[in-house]
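Using the sequences and the hints, build the whole thing.
Number of protein chains: 2
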Amino acid sequence: MDSYALYYWPNIQGRGEFVRLALEEAGAPYVDVARGKQGIARLLAVLGQEGPGHAPFAPPVLKAGDMWIAQTANILLYLGAHHGLAPRREGGRLWAHQLQLTVADCVGEVHDTHHPVSSALYYEDQKSAAKRAALEFTTKRLPKYFDYFEAVLAEHGRRRPFMLGARLSYVDLSMFQLLEGMRYAFPNAMARQAPRWPGLIDLHERVAARPNIARYLASKRRLPFCEEGIFRHYPELDP
Amino acid sequence: MDSYALYYWPNIQGRGEFVRLALEEAGAPYVDVARGKQGIARLLAVLGQEGPGHAPFAPPVLKAGDMWIAQTANILLYLGAHHGLAPRREGGRLWAHQLQLTVADCVGEVHDTHHPVSSALYYEDQKSAAKRAALEFTTKRLPKYFDYFEAVLAEHGRRRPFMLGARLSYVDLSMFQLLEGMRYAFPNAMARQAPRWPGLIDLHERVAARPNIARYLASKRRLPFCEEGIFRHYPELDP
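Same order as they appear, the protein sequences are chains A and B. The first sequence begins at 1 in the working numbering and counts up by one. The second sequence begins at 1 in the working numbering and counts up by one.
Source of the hints: derived by calculation from the structure; they are not laboratory data. A few of these clues could be false.
Where chains are identical, the list cannot tell them apart; a pair therefore holds if satisfied intra-copy or between any two copies.
Below, a list of computed lysine-lysine pairs in the PhoX-like style, where the Cα atoms sit at most 25 Å apart [said to hold, decoys possible]:
hint: 1; residue 1: Lys140; residue 2: Lys127
hint: 2; residue 1: Lys144; residue 2: Lys63
hint: 3; residue 1: Lys63; residue 2: Lys37
Structure follows, in structure tokens:
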């Protein structure tokens, strides 16, 4: 199998991390291009590509053979189909994608807690709106999303312990990352509310313990969370 | 062919409109359930459904045979494949979906201009943040998105006049709606900037003139824009 090439910012987990987790679980060979030599220049060249082709609006971008695939959920749709990380039948495939797009909506709202006014402004220039946004998010939207995901997981019962039922999918990997990120960004809000989501917490632990994922998390390939990514820990947003 | 059932808020275009446009262009029979008798109750029953099944997080939801499909872009992925509104080959199918997800990101940012702090608060309670958000969006993000879409369209040249090239896809229908909505919400910002996007303006007119779409737009099925939807005209946000 040819190696995939992933184009994403080299210093953050960001949205690229949802793709990295799928590649790692699948044991698929890939090069994280922007973390290599002249990485940023190569990433910017892909983002600014001109002429016929499928130019992406934003990273992450996955080069798979001749295809350039962008949009995180779209990349996972592709990887799910090619690496057994999603059901083959149409109904199951669409259901997995629907859940992933709901994860993506939640991730977008997490991002907007620290950038409510605009992603084009610094956090420091929208701090008071961010405080209000974070309060609204952690008290209203977070429980709405996580109660929903917990209910989806609980529907199957204990003998079918993944988001889609009996088998792991890319949705489980993304749920791991979402929970991990939320605990980093909002440790206090999560400590208060997480007891409501025992299934998701258990899922998080089981994903972390999978051999390929555990190896990845212990490696240098796994970047730490930081205040340049989606999940940022600003104490003033998590009283 | 069995009729589809669409579940969406009955009084707004909202995200459901991207689905309605695809159904109308395809000439696919569908019932807009929430606009019928006891519509809201039936919509809420679907949103609150319990027990095994594919419960949606939010509308729109399309019932297609035995399947319940939610998330706008996911529904279009399905309709595109079943009604000739997207390429059949994997590369083209993913490219169409990638563009649609980019449209969805733009739509989300439009929504956030009037609800920057939280969708759980009233507009009136986040008006000053909204003014800043709308200014940032119309001066920075809007041109970034629309310049990108214009470049995608222009790549093919005049003889292949759709977003993907020679053939209409659901992406073109969504571009029509995005441009239409932006002109409603931000007439001044659009009047200033639209000359930069002659291809998109031309595409908008050609989509509006398609027989099924023209018939739909002239019918009562097409709801007017209003200040409950995604595209809202607040004069103070469009100086």
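Results for each hint:
| no. | hint | verdict |
| --- | --- | --- |
| 1 | Lys140 to Lys127 | both (20 Å within a copy, 20 Å between copies) |
| 2 | Lys144 to Lys63 | between (35 Å within a copy, 23 Å between copies) |
| 3 | Lys63 to Lys37 | within (18 Å within a copy, 49 Å between copies) |
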